[in-house]
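Going down the list, the protein sequences come from chains A and B.
The end of the first sequence is residue 209 by this note's numbering, with every number in the run present.
The end of the second sequence is residue 238 by this note's numbering, with every number in the run present.
It is worth saying that the hints were derived from the structure and are not from the lab.
From a predicted model like this one, the values you see are computed outputs, not experimental measurements.
Mixed in with the good hints, there may be bad ones.
To be verified - Simulated restraints on C-beta separations:
hint	chain 1	residue 1	chain 2	residue 2	range
1	B	Ser2	A	Lys110	27 to 37 Å
2	A	Asp103	B	Ala218	24 to 34 Å
3	B	Leu32	A	Arg126	47 to 57 Å
4	A	Val190	B	Leu206	42 to 52 Å
5	B	Thr135	A	Ala187	39 to 49 Å
6	B	Asp222	A	Met116	26 to 36 Å
Claimed, not checked - Anything over 12 Å on all C-beta distances counts as not near chain B; from chain A, calculated:
hint	residue
7	Val6
8	Asp12
9	Ala15
10	Leu32
11	Arg43
12	Gly117
Every residue, glycine too, gets a C-beta built ideally from N, C-alpha and C.
Given next are the chains, with one letter for each unit.
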Amino acid sequence: MRWDWVRDHGDDILAATRQHMELTLIAVALGLLLSFPLGLVARRWRRTAGPILGFTGILFTIPSLALFALLVPFTGLSRTTAEIGLVGYTLLILVRNIVAGLDGVPDDVKEAAHGMGYRPLGQLLRVELPLALPVIIAGIRIATVTTIGLVTVTGLIGQGGLGAFIIEGINRDFRTPLVVGSVCSIALAVVADVALAGAARLLAPWSRR
Amino acid sequence: MSILTDVVDWFTTAEHWRGDLGVPHRLTEHALMSGAAVVTAMLIGLPLGIWLGHRGRGGAVAINLTNVGRAIPSLAILALTQQAIGLRGWPGFGARPAFVALVALAVPPLVTNAYVGMRGVDRDVVEAARGMGMTGGELLRRVELPIALPLVMAGVRTAAVQVVATATLAAVTAWGGLGRFIVDGFGQQDNAQIIAGALLVALMALVTELVLARVQRAIVSDGLRAEQVRVDEVLTAA
Numbered sequence: 001m002r003w004d005w006v007r008d009h010g011d012d013i014l015a016a017t018r019q020h021m022e023l024t025l026i027a028v029a030l031g032l033l034l035s036f037p038l039g040l041v042a043r044r045w046r047r048t049a050g051p052i053l054g055f056t057g058i059l060f061t062i063p064s065l066a067l068f069a070l071l072v073p074f075t076g077l078s079r080t081t082a083e084i085g086l087v088g089y090t091l092l093i094l095v096r097n098i099v100a101g102l103d104g105v106p107d108d109v110k111e112a113a114h115g116m117g118y119r120p121l122g123q124l125l126r127v128e129l130p131l132a133l134p135v136i137i138a139g140i141r142i143a144t145v146t147t148i149g150l151v152t153v154t155g156l157i158g159q160g161g162l163g164a165f166i167i168e169g170i171n172r173d174f175r176t177p178l179v180v181g182s183v184c185s186i187a188l189a190v191v192a193d194v195a196l197a198g199a200a201r202l203l204a205p206w207s208r209r
Numbered sequence: 001m002s003i004l005t006d007v008v009d010w011f012t013t014a015e016h017w018r019g020d021l022g023v024p025h026r027l028t029e030h031a032l033m034s035g036a037a038v039v040t041a042m043l044i045g046l047p048l049g050i051w052l053g054h055r056g057r058g059g060a061v062a063i064n065l066t067n068v069g070r071a072i073p074s075l076a077i078l079a080l081t082q083q084a085i086g087l088r089g090w091p092g093f094g095a096r097p098a099f100v101a102l103v104a105l106a107v108p109p110l111v112t113n114a115y116v117g118m119r120g121v122d123r124d125v126v127e128a129a130r131g132m133g134m135t136g137g138e139l140l141r142r143v144e145l146p147i148a149l150p151l152v153m154a155g156v157r158t159a160a161v162q163v164v165a166t167a168t169l170a171a172v173t174a175w176g177g178l179g180r181f182i183v184d185g186f187g188q189q190d191n192a193q194i195i196a197g198a199l200l201v202a203l204m205a206l207v208t209e210l211v212l213a214r215v216q217r218a219i220v221s222d223g224l225r226a227e228q229v230r231v232d233e234v235l236t237a238a
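Bound conformation, chain A alone (with noise of 0.2 Å):
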């Protein structure tokens, strides 16, 4: 390790580590934005769940690389590539939570509800997602965490946060910014997980053990 490199660079890591964050919140927040209508729409058409849960797993099986390679030629080295297949890959994740937790929402508490007056969007938003929140919330654990590991590839397409760092250390045979790279990123990944999993707690104190 060549500490004097780590010290020359402080600012760039910052910057990096910040890149890094940016890219995995706005893919995930994304991959929110469309997994909930897809949720939705699975649980109540039952018959489109096998064609969404189909789609988002074949997106979620392309190798991150190749789902890159493939976007590079017509969008680019550019944010848009990274954030296309970086929000592809929390599509599977997002959506079999979304409707694995709506799905476990016992049925009394259902009736109980309509019984007290309520009207579907009203049970859904008050009565059945707050008890499907540690589910969804598992789900965007494994999502975040899975984009902070894939946001290093984008790396490759000239993205990457963290990632650069890894791949400088690889094209130039340097092992300080490949370790640099490396732990802030698995560092990330962990603050991301327990900060979530805080969240978890806060907003769903019922489930706690």
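Given chain A's structure and the hints, the job is docking chain B onto it.
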């Protein structure tokens, strides 16, 4: 759409199908490396996950293994193993560290899914089997394993697809495989080669998933088909 014709041209150029740099060689290389890594990881991960699940021990470790693995970028594992054991000039430069990295990445989802599958077996069923006089080994082989099989296979599928994906990334460090077409395509700014490589890689991952899904359908009991969307299946991506 000139890019489409460029890609078709790339695939129909005889030169791209010959020799050590051709598609057949790269494809074989990729398949052999992935297959070897998955089988090795299965030999390590499945007995471990199944045994821990059977004994009901080490749950925190078995479950968190995948969480830890997910937090480590696959590119970082590849590059760090390359640094640690990929001494330049040694035989198998590039291949050996890639193999070690792939096995390391494939073990966690195998252990976790096998463990979760084994623990998910209804305790009443286990009690009933014991009441019928089954020994621990019989219980494991004839009751727990068949019921846990959907999740065990889910682990194998996830691990295999992740290995195929990560083997692609190994082209960035020092190894060959189908990722070479993408990485070299980036280097040469050759869009046709990039897309051709990406299509081959995507196809290989999808075929892997499809074949293993078929295997799963063939070996899992009809009574265990999941109608519900499962969240206990642990997923990883690369």
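Comparing the hints with the structure gives:
1. Ser2/B with Lys110/A: 27 to 37 Å: violated (55 Å)
2. Asp103/A with Ala218/B: 24 to 34 Å: holds (28 Å)
3. Leu32/B with Arg126/A: 47 to 57 Å: holds (56 Å)
4. Val190/A with Leu206/B: 42 to 52 Å: violated (32 Å)
5. Thr135/B with Ala187/A: 39 to 49 Å: Holds, at about 47 Å.
6. Asp222/B with Met116/A: 26 to 36 Å: violated (41 Å)
7. Val6: Fine: 17 Å to the nearest Cβ keeps Val6/A off the interface.
8. Asp12: For Asp12/A, whose nearest Cβ neighbour in chain B is about 18 Å away, the distance exceeds 12 Å, so it holds.
9. Ala15: holds (18 Å)
10. Leu32: Correct as stated: the minimum Cβ-Cβ distance to chain B is 16 Å, above 12 Å.
11. Arg43: Not fine: 9 Å to the nearest Cβ puts Arg43/A too close to chain B.
12. Gly117: holds (29 Å)
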